[in-house]
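Each chain sits in its own coordinate frame; assemble them with the hints.
Taken in order, these protein sequences are the chains called A and B.
If you're matching positions, the first sequence starts at 1 in our numbering and goes up one per residue.
If you're matching positions, the second sequence starts at 1 in our numbering and goes up one per residue.
Source of the hints: derived by calculation from the structure; they are not laboratory data.
Ideal Cβ placement from N, Cα and C applies to all residues, glycine included.
Among the clues, some could well be false.
Residues from chain A that face chain B, not an exhaustive set, calculated with beta carbons under 7 Å [as the list claims (entries may be wrong)]:
1. 2
2. 3
3. 64
4. 67
5. 68
6. 69
7. 71
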Amino acid sequence: MTHHEQELSDLKQRLLSMGSRAELAVAQAVEALVQRDADLAREVKEGDAAIDQLEIEIDDQAVLLLSHAPLAGDLRLVLVIMRASQNLERIADEACKIANRARDLAEEPPLKVPVDISRMARLVLDMLKQVLDAFVRADIEQARMIIPLDKEVDALHKQYGESLVASMTRDPACIQRGLHYLTVIKRLERIADHAKNIAEEVVFMREAQDIRHAGKLSATPGEA
Amino acid sequence: MNPVATPNAAASTVTGGSARAPETPKRSVVMETRGLELHYGNTRALKDISLRIDEKIVTAFIGPSGCGKSTLLRCFNRMNDLIDSVRIDGQVLVGGFDIHGPDMDVIQLRKRVGMVFQRSNPFPKSIHENIAFALRLQGVKDRGTIDQVVEESLRGAALWDEVKDRLHSSALGLSGGQQQRLCIARAIAIKPTVILMDEPASALDPIATARVEELILELKKDFTIVIVTHNMQQAARISDRTAFFYLGELIEYDTTKKIFTAPSKKQTEDYVTGRFG
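Okay, chain B solo, but in the shape it has when bound (with noise of 0.2 Å):
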């Protein structure tokens, strides 16, 4: 089993370099995997993954497609369960209990561990009743509370100022940008500690991207954020570690810095520069 990899520590773990001083102050481990395995059929999807995913911080997800980051992604919240075909094996846990346990509630795990998909996809149904539902399935049914919930998720995914005399108007009615920033208001409504998001700015344009880029930046300071994206200038711009997949394999895996100015890998450095994938 490959020995688990966190950025501070990948030189000496997954890059085979030397050890380095931390570039980043030390926080706590929120997500783990280790020697994490995933099959689809007989398809060998991730192999033999281990790594850390610190909090309050963006952690990003590169390699060309096929690679395994949007299933290592899907794998956090068991998002996986959902396809018959797969088989997984190793461990994964998130606050330190394996999602695969027995006393594993999926349900409250998805509560902990949110998505944001590449599509937006509200509800058909007003913007307010986008996040208020997410409350209400939640047991929440005192109509103050939800209605200051809905404000807060708004302002927190930076939506408020745009929709606020139109709550109740249909959410797809929205622009595609601000429909993503609803399913992330909808996302962090629940107060979740961390938001999955597989690339959330594909489908935008470069105006609601930037929005979604400065959002995220935004709200690394309340959750741990981890992002799949193929736009390796993104991942640079927002994200604080990289963790780069080939094959199903960690190649290489950082502080963002490392990885776009001087990756330690060949692998890494032709696929950042464009040179293959």
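In isolation and in its complexed conformation, chain A is listed as follows (with noise of 0.2 Å):
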């Protein structure tokens, strides 16, 4: 392995420990919400803070490797870590609000919620186990796969939030907690779109296609 070979390979096993480290964040979030657990919550936040430096170092890294001047394949791999990178950051950030609305609710009584938060986050795991996966493999026809996922959590998250509303304009007095489901049920979707993204990505490390917004832009008028 070349020296340049093996610092492209040194930054994408920074990028998967810091999606490994991501993953684990919103399990032990959605773990410390099912469980009503304080303390887990609390790790959760405190495991936040190696994550942001690893974003960091990345970022370091990959503006010394874009220095050398990387051509074709292993440019778009640079700058591909690079934006997966920050969304692995704002997913941990997600875990992080997550885990607070854990925190908060542990506080409070316990409350029946007409939704699954267990089933979501399954999804949702599922969707970041999977595009990490492709991204190690570079490939795309699981990159792929996980795209439509994303509009099946935007259905749950629908769905979960007018059975939430239902649920409070029912009972006024279970609101407080109900907005912290509501929060929780927007943060994992946002996580699925970060994972969408992370998927986009790999297709264009792989293929040099750019597939983001690819339904709204085909309706834009062609070149001239």
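Structural data, given as structure tokens:
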């Protein structure tokens, strides 16, 4: 392996380390919510600094690599890693927001909610796990399969939001806790968006094809 | 006289900014210039250059043509002695000794500070003989020792696998990139402390250039390397520290990362981004 290949490999490895930390943060935040475990929620928040630090290190290393003038696939890999690390940092931030709500809810009496948070979290975590696998293997088929899953999460978010609003309307005493749950499902929905973004980046990395905003941009007038 | 510039101290010396924490571990100084001035006749080619070169890293000299970078490189093993009109003032120290001092043996100096040029210059002899010749000049006679050093040097220059079956063929039959690596093998055969490289890859194609760059990164484990290059990306890829020269002056000397991502001087920024030079 040349020095250049080694540097790219180190950068990739660092992104994967960040990815697994972000994945763990989401899983623990949801666990803290479901189990009403305030200590675990605090652990998630404490772990966020390490993820922020990784984002800075990845950026620093990537900028240095860009100064070496990588080309073609190597150039795309560095760009994708920079963008993916930004998405992972935001995923970890969303996990912290879920952990905040888990901590607050743990101090309130339990509330029976008409939504299956664990189901939504499983779907989101599965997207996250799959997108990291797709990145490692540069597997665009897998990456492309992740993208429509975001629509499922969006639909679930809409359905759960309506159920929560209906239940708060029926029982105003549960509004405060209901709002916490509304926040949690919104954060999970955003995590799915970030996972989808990374999936699109994997396609760009492998095929040099930018599929972001594909639906919206195809409706705009073509090139003159 | 300018204070002696080291990359870590550059902010308070050459670049005029505030002092920063070292970004690289402390290393021994291998070569140093103090108030170095060089004139070609009436032309002042180097102006009060004071800088230190640390051991076992790659230091790149960059700057537009005529800025004095090659002239400075040649000062370290007194190659400029061969030019009649040259006058040198100030000091050049190698291993702490003034190389213009009365006790300095220039042959010994050039064994300690080897050089690789822009154009490969193998002798019109066999691959084996190109290296063996340098050893014999040093008085090495034992055939077994010579063969061993030839192999070690060719391996060290990442050339062994390509030439091991044709060691006694003419070196002139090698490709340009292979000839340049043979010259590097010849330089390392006499175990110098420093290798000076004057645009060693500028005449090579991208593949051969990549091989030479990879080799330089390997060689810095054992040697101190100073390279002159016009290729900014090459300097960024292979060097640890970079010095930027303009019109005979040392403008900025810092870690390569700093020079290529956030130089302190506008002149440096303009040069590395291709806005002048």
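Original post:
Which of the listed hints are not met by the structure?
Top reply: Hint 7 contradicted; others consistent.
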